[in-house]
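Asks: Chain residues, written in single-letter form:
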Amino acid sequence: MSAEHLHDLTLTVNGVPHPVSVPARRLLSDALRHDIGLTGTHVGCEHGVCGCCTVLLDGQPVRSCLMFAVSARGHEITTVEGLAGPGGELNAVQRAFQECHGLQCGFCTPGFLMTVTALLAENPSPTEDEVVEGISGNLCRCTGYQNIVASVHRAAALMTDGAGEPRP
Amino acid sequence: MSDAMSRPGTLVGQRVLRVNDGKLLTGAGTFVDDLHLPGTLHAVVLRSPIAHGRLVAFDAAEALTMPGVVDVLAPEEARDATRPLRCVWLMPGQGQVDYPVVPRVVRHVGQALGVLLATSVAAAEDGAERVRMEFEELPCVVDVEAALGDAAPQLDPGCPGNVAVDLPRGDPPDAVEAAIARADHVVAMRFAIQRLAGSPLEARGVVASWSPATGELTMWSSTQVPHHARDHLAGALGLALDRVRVVAPDVGGGFGPKDHLYADEVLVCLAAMRARVPVKWIEDRREAFTATVHGREQIHEARLAFDDDGRFVALHSDVLADLGAHPSNVGAGPAFVATGMLEGPYRFDSSGGRVRGVLTNKTPAGAYRGFGMQQAAWVRERLVDEAARTLGADPAELRRRNMIRADELPYTTHTHQNYDSGDYAAALERATELVGEGLPAAPDDGRRRGVGLCSYVEFTGLGPSAVQEIVGFALGGYETAVVRVEPDGRATVLTGVSPHGQGLETSLAQLAADALGLPITDVRVVHGDTATAPYSAAGTIASRSMTVGGGAVVRAAGRLRVKILDLAGHLLEAAPGDLEIIQGVVQVRGSPTAAVPLRTVAEKAWLAWGLPPGMAPGLEEKDLHDPQDISYSYATHAAAVAVDLATGRIEIERYVVVHDCGVIVNPMIVDGQTHGGVAQGIGNALLETLVYDDVGQPRIATFHDYVLPGTGEVPDMVVEHTQTPSPFIPGGMKGMGEGGTIAPAAAIGNALANAVPEIAHLVTETPMTPARVWGWLDAAGVATDW
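Those sequence lines, one after another, are chains X and S. End of the first sequence = 403 in the numbering used here, gap-free, step of one. End of the second sequence = 845 in the numbering used here, gap-free, step of one.
No lab work stands behind these hints: they were computed from the structure. Please read all numbers here as calculations on a predicted model, not as lab measurements. Hints should not be assumed to be uniformly reliable.
Per label pair, the in silico range of CB-to-CB distance [stated by the list, open to error]:
1) S:Ala533 / X:Asp364: 22 to 28 Å
2) X:Ser256 / S:Thr273: 31 to 37 Å
3) S:Pro219 / X:Ala259: 28 to 34 Å
4) X:Asp270 / S:Pro151: 37 to 43 Å
5) X:Ser360 / S:Val777: 22 to 28 Å
6) X:His282 / S:Glu193: 41 to 47 Å
Where is the CB? At the ideal position from N, CA and C, for every residue including glycine.
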């Protein structure tokens, strides 16, 4: 049996073009993690339920485990590595998760950060119900979500006026 | 960071932000699948597709011709190269005490048989499809009660009748029976608790690397217990302990199942030793559902006897624990704990039980957060509510009148638990108060509403070693800390416990920073690598890291403080008793000009010039802390629910936790652990279950059909604490990692029965899914039309 045919393409991740050579069946999650070496995107189920692998494709959240790398050609991909500032300073969403203890083991966290980034871009001041609904496609086994919901509100506050207190 | 957080000596009790969040928030964490060693081959574990049968043929010839396939470790080869894995918790008379890395007769779907290595995961998976395995199938048994029947297939020659363990608990059976016979009333119910998967979002995984030149094996593993895994890995492979190193990198949750070494992890290491290049194996989610231990499944035939005046007389439960294919590392341990903690916070004239651990053709059952105490709470607290119903009494009042009072502590139960300290009734009182507050006036939406309570006492801080010896749990119950002030004046804490989300990197640092007068930013906690961490027999399990591990830090840092003050006193020509350490500066109390930086003290200590006579060089203290006794946390949870009579759906409208885990080091972390525990308890109560068909095939093997709680199922909860210090733990902490999971099923079940008393006698099984609850509603004739 012969080796698989490889496709040469360029994936643009966090604004940086990455040439990769991958088989057609290579998942976007695997290409990001193993071909490009951006291991911040995590894989929790590989069947699209847990949301750990969420990345932004042209600003929209997608499950990178349900997408082939070759399908991402020509799109702007944003991963968790693209969130912090140039000097490594945490952005508002990341800061909010730290301040509100919105993470424990940290495995699901990159997926939540990407989902929340897209949520707040679309709706900068979501209601409680909108937050609960907005992150309902991501699973966390550690936090019980209460502090993640608080983190989203805190991030919204930080992004709009740079102030606001975290909920207890 | 608030002022308080930068002020040393005041960190315990503060909401200190976690020191390790930065890497996790930027994608810079290093989980095991993030490791890339040059030349790594990828492993697929070859597994049994059937539940019971003898492997009669194995042929990898075609697989080895596939592109990228490098090697196949066959079952015979693996069996010849390995020794069986020992069961760690052995009950008296246990019929099976170890299990082979690769069996001749498979006993469950997913049991590991061999390993295939290839140059990529995809090539390995393709190759594995071409490995031919033929089995002589044997009849199987999946139901624990059927396994006890005369006609049941026998799984292990050492376990006649499939019973691996059978032992009495508590008072002698005739004493319990006599007490029950004396009582005015008996509530007897049969409870079934489902099989669950702990489901950390990072499944298990291993990178194994063998150095032929040094004869050294390194295993990076997503584990809670690096030393424990190392000891068993060396044993299974016949290697010296000093040639085996286990590293837990960042670990994406544990919750119990990652508390021991698995046979498949041995196989991956063996394959790496043969291949002489690094090998990576990452368990996929589907695989995790059959290869990683399950938890919880028990049946309780339980009775609560009480008098007309509501006084509890006796409690008894006859427990069948479904151990699965073989006793896991902890075997019938969860049933032992379930019966041990059955009495909860109440007085009884007599109490006892029977534990039978039974083999079935399912994945072995092991540790899962709560470890038997969830079952104990479900059984006892449901019985208490049904006793209240029998008497027409208020459930809170019935609890109150039977609760062990604060002035009765310490108190020894019939299963020899020495409850230490606390005020159980105060937690009950406060939870009862809080659950009613802020509850919206019930809308007239056709749903029934009810409130339920669950009070429990929790065994935490696994130790002392002498107790471990008495119960046959072959893990030392101590922990060790090394606290060092480095020559630059910063501190390093080496700990044997191995955090994977609990925030110990921060809370252990708080303890050391307070003792040493340093800001939190000057203390670093190092853990997780057997090459550097002090030996830890038990690791991060059983709500023990802050109690046993934290107690070691308190003592080591306390002794180091004494040495620092002695040396600084020598340098300042002051009495050590007059000194304090503020922000890394040792100064005469009230006279800040007479001061020496801790850094200077450390430089002198490590240079060992000009030390006082008899003082040893360096600033490092080690403490091996074997706790004086067990610490018992406790809580009352209260749930308010709405029940839809047309669909059987339960909505939690309010959830309250009033909890006591002794001294709280970091309230932010403690609340977070509680929230997460309650969420898992809600999954246990309402959603999660593992189901097998009658030939032992799992019907549930994805997150599509194993429903973890999401944002929609977990309500905001109110969490309050009281703090009764542990009398036995330096620092006064009690364990709390598991507590949240223990009570939700019972609180929600009691709320359901309170809302719909017509079905109260049926509320005996979890999960209380809409389908199951609707069945109860229908049986009782109270289900309504859509």
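Asks: All hints, please: hold or fail.
Replies: How the hints compare with the structure:
1. S:Ala533 / X:Asp364: 22 to 28 Å: 51 Å, violated
2. X:Ser256 / S:Thr273: 31 to 37 Å: Cβ of serine 256 (chain X) to Cβ of threonine 273 (chain S): about 36 Å, so the range 31 to 37 Å holds.
3. S:Pro219 / X:Ala259: 28 to 34 Å: Cβ of proline 219 (chain S) to Cβ of alanine 259 (chain X): about 56 Å, so the range 28 to 34 Å is violated.
4. X:Asp270 / S:Pro151: 37 to 43 Å: 55 Å, violated
5. X:Ser360 / S:Val777: 22 to 28 Å: Since the Cβ atoms of serine 360 (chain X) and valine 777 (chain S) sit about 25 Å apart, the hinted range of 22 to 28 Å holds.
6. X:His282 / S:Glu193: 41 to 47 Å: About 30 Å separates the Cβ atoms of histidine 282 (chain X) and glutamate 193 (chain S), which means 41 to 47 Å is violated.
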